[in-house]
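Student: As a plain string of letters, each chain reads:
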Amino acid sequence: MPIIEVDKLTKVFGKNTKQALKLLDEGKSKEAILKETGSTVGVNQASFSVEPGETFVIMGLSGSGKSTLVRLINRLIEPTSGSIYIDGEDLSKMDKAALRKVRREKLSMVFQKFGLFPHRTILENAEYGLEIQNVPKDEREKKAKDALELVGLGGYISQYPGQLSGGMQQRVGLARALANDPKVLLMDEAFSALDPLIRKEMQDELIDLQTTMKKTIVFITHDLDEALRLGDRIALMKDGSIVQIGTPEEILVNPANDYVEKFVEDVDRSKVLTAQHIMKRPETVNIHKHGPRVALERMREEGLSSIYVVDNNRNLKGYVTADDASDARKKEIKELNEIIKTDMPKVEKETALNEIFTIIHDSQVPVAVVEDGKLRGIIVRGSVIAALAGESEVNLDA
Amino acid sequence: MLNSILEFAPKIPVAEGTEWLTDKITDMFSFLFDPINEHFGNFMEFVAEDVLMAIPSVIFILVVAIIAFFVSGKKFGLASFAIVGLWFIYNQGHWEDLMNTVTLVLLASILSVLIGVPIGILMSKSKIANAIITPILDFMQTMPAFVYLIPAVAFFGIGMVPGVFASLIFATPPTVRFTNLGIRQVSEELVEAADAFGSTGSQKLFKVELPMAKSTIMAGINQTVMLALSMVVIASMIGAKGLGREVLSSLQRAEAGTGFVAGIGIVILAIIIDRLTQNMNKKKD
Chain A
1 MPIIEVDKLT KVFGKNTKQA LKLLDEGKSK EAILKETGST VGVNQASFSV
51 EPGETFVIMG LSGSGKSTLV RLINRLIEPT SGSIYIDGED LSKMDKAALR
101 KVRREKLSMV FQKFGLFPHR TILENAEYGL EIQNVPKDER EKKAKDALEL
151 VGLGGYISQY PGQLSGGMQQ RVGLARALAN DPKVLLMDEA FSALDPLIRK
201 EMQDELIDLQ TTMKKTIVFI THDLDEALRL GDRIALMKDG SIVQIGTPEE
251 ILVNPANDYV EKFVEDVDRS KVLTAQHIMK RPETVNIHKH GPRVALERMR
301 EEGLSSIYVV DNNRNLKGYV TADDASDARK KEIKELNEII KTDMPKVEKE
351 TALNEIFTII HDSQVPVAVV EDGKLRGIIV RGSVIAALAG ESEVNLDA
Chain B
1 MLNSILEFAP KIPVAEGTEW LTDKITDMFS FLFDPINEHF GNFMEFVAED
51 VLMAIPSVIF ILVVAIIAFF VSGKKFGLAS FAIVGLWFIY NQGHWEDLMN
101 TVTLVLLASI LSVLIGVPIG ILMSKSKIAN AIITPILDFM QTMPAFVYLI
151 PAVAFFGIGM VPGVFASLIF ATPPTVRFTN LGIRQVSEEL VEAADAFGST
201 GSQKLFKVEL PMAKSTIMAG INQTVMLALS MVVIASMIGA KGLGREVLSS
251 LQRAEAGTGF VAGIGIVILA IIIDRLTQNM NKKKD
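Which chain is which? The protein sequence lines are A and B, in order. So the first sequence is numbered by full-length UniProt numbering: it starts at 1 and just counts up by one. So the second sequence is numbered by full-length UniProt numbering: it starts at 1 and just counts up by one.
Note that these hints are calculated values from the structure, not bench results. One or more hints might be untrue.
Label-pair restraints from in silico Cβ distances [as the list claims (entries may be wrong)]:
no.	chain 1	residue 1	chain 2	residue 2	range
1	B	LYS127	A	ASN134	58 to 64 Å
2	A	SER192	B	GLY73	38 to 44 Å
3	A	GLU105	B	VAL51	47 to 53 Å
4	B	ASP138	A	SER165	44 to 50 Å
5	A	PRO118	B	ASP23	50 to 56 Å
6	B	THR142	A	ASP87	53 to 59 Å
7	B	GLY201	A	ASP146	25 to 31 Å
8	B	ALA270	A	ASN16	52 to 58 Å
9	A	PRO52	B	GLY73	52 to 58 Å
No residue lacks a Cβ here, since even glycine has one placed at the ideal position from N, Cα and C.
Please model the complete structure; the sequences and the hints are all you need to start from.
Tutor: This is the structure in structure tokens:
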């Protein structure tokens, strides 16, 4: 069951919300509605669901409604219509007390400009969520300290936020959110205010934390690289509407429309695409069944200068070159074992394209893509270049 | 001739109406005003004569100096000024007047803050309250302070209590305004953070908004105290005791010397109070 389910969530800012809703139903554009009613459509009938443990990224340029959308999820902004289900409970229909309970126990938020309380120490900041639930002082201090330890700030508990760098302040923001042990973290452009190096460090750390915590994260960003790095799935927003939802690869490779395509065209594809996206089905010979003659025959048929050798279970054994196979046939060698070479370049299915560059550059034979020692595919130079150019047919189901 | 256009209506009886209203209020609420006058008057007398004047002047001066020393960050400037200034007032024989004035300023300020801060909070939370109260505050501050003496006398007669009442009306607006401003100035992200973690309204107010607004509110309180002090001379016109009365009586008798001495006393008190409240604010920043 999804932990967050958002159904046709709409926010209209302004006075004529009813009329604006009607016009939205008629499919009028944001501009047309603004002209006609004076109301601004913040979020337009957004629907999606997030599974437990998933990192769901909502991405869009400024003004696309992404920050409004995340505030609708915990009702910091009241929705105009639509529903938000958290663990199956409809947040949009809750009274204040019930809403508070959900906010305290299930949803924590991390803010773009950190949102730390400057008059409280780091520890007191991290304690805040527990303090307002009247958790006894000892207990909440312990939990807050644990959370600070988790983000690497154990030694700063008695400092004030103003004494810390931006990156450290956002760690406090994260610790404050984690101290409640919420199921869901809402992160509103959490790393956008940090400089690029620190941002990347925080992203890595979040990924690390996420492998052990398995929180559900809704992450807002305008940075596509960040979205692609962090997101299990990405929702792309434009003018308040969700344009496409998909895994990073899906968005990159099969953009739903021109807008998405334009958005992703500048992406460094080498960081996103991995070996499995560009590998080809390998031609192989079986070490137990075939000899140099068959190997040579296959190479000739396919126009190859080398061929990979596997066993009955497709475990990669090595490769033979056409020259060696030809020599072997002349010398009447029957076993592939005697001419097999094992110095082939190997990568995992998840290896990113930018790491394959150097490997493939130094190699005389195609790169082998392996999984648990089994040969899954090969990569030739041409497909790397084609993938970078964004022209190739990329196999997503690989 | 041309002015006859303006005379399409008879004179509107605003003055008569106000007088009628004041009379009515005096009558209707005398059951309230009379005991307030009596008990609060007694209380003020108690504070001035049995508390402040009971403290030996030396001790009083030393205590003020010590407070000034610590509040101003362990600097000697304000402390030395307090010692010299207060001794000068003592030397001129105005110690009792000073104590009466301090009582008046102190009580008027405390009441102003007790009334002003909650009203300021209300204004920051409610657009309607803000829209209604803002013009009232403008009115209270621009109306000449003397005018407040008239209903004050009607309600409470002559003495210290109407002085406090008039000071209250004149001095409360800054506290209200600055409290309102201070809370509205708390950054939206902090308010969102408080809400997002599930704070109740009062948790948000006491744990986030008021602490964040504190220095602004303190600036307002500083203003309030100074305004209350500025009412001292005016309040003496309706019989409030203290340094103000000395100024007033020397004016009536055209004694420049005694007037100057009493005036200097007020200035010394003003400087001490102002620097004390300002420094309290700075220290907490």
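Student: Now look at each hint and say whether the structure bears it out.
Tutor: Verification of the supplied hints:
For LYS127 of chain B paired with ASN134 of chain A, a C-beta distance near 31 Å fails the hint of 58 to 64 Å. Our hint of 38 to 44 Å for SER192 of chain A and GLY73 of chain B holds, since their Cβ atoms are close to 39 Å apart. The hinted range of 47 to 53 Å is satisfied by GLU105 of chain A and VAL51 of chain B, whose Cβ atoms lie roughly 52 Å apart. For the pair ASP138 of chain B and SER165 of chain A, the beta carbons lie near 45 Å from each other, so the given range of 44 to 50 Å is met.
For the pair PRO118 of chain A and ASP23 of chain B, the supplied restraint of 50 to 56 Å holds, since their beta-carbon distance comes to about 53 Å. With their beta carbons about 57 Å apart, THR142 of chain B and ASP87 of chain A fall inside the hinted range of 53 to 59 Å. Distance hint check for GLY201 of chain B and ASP146 of chain A: the Cβ-Cβ separation is about 30 Å, which falls inside the suggested range of 25 to 31 Å. For ALA270 of chain B and ASN16 of chain A, the hinted distance range of 52 to 58 Å is satisfied, since their beta carbons lie about 55 Å from each other.
For PRO52 of chain A paired with GLY73 of chain B, a C-beta distance near 54 Å keeps the hint of 52 to 58 Å intact.
The structure fails hint 1 only (numbered hints given earlier).
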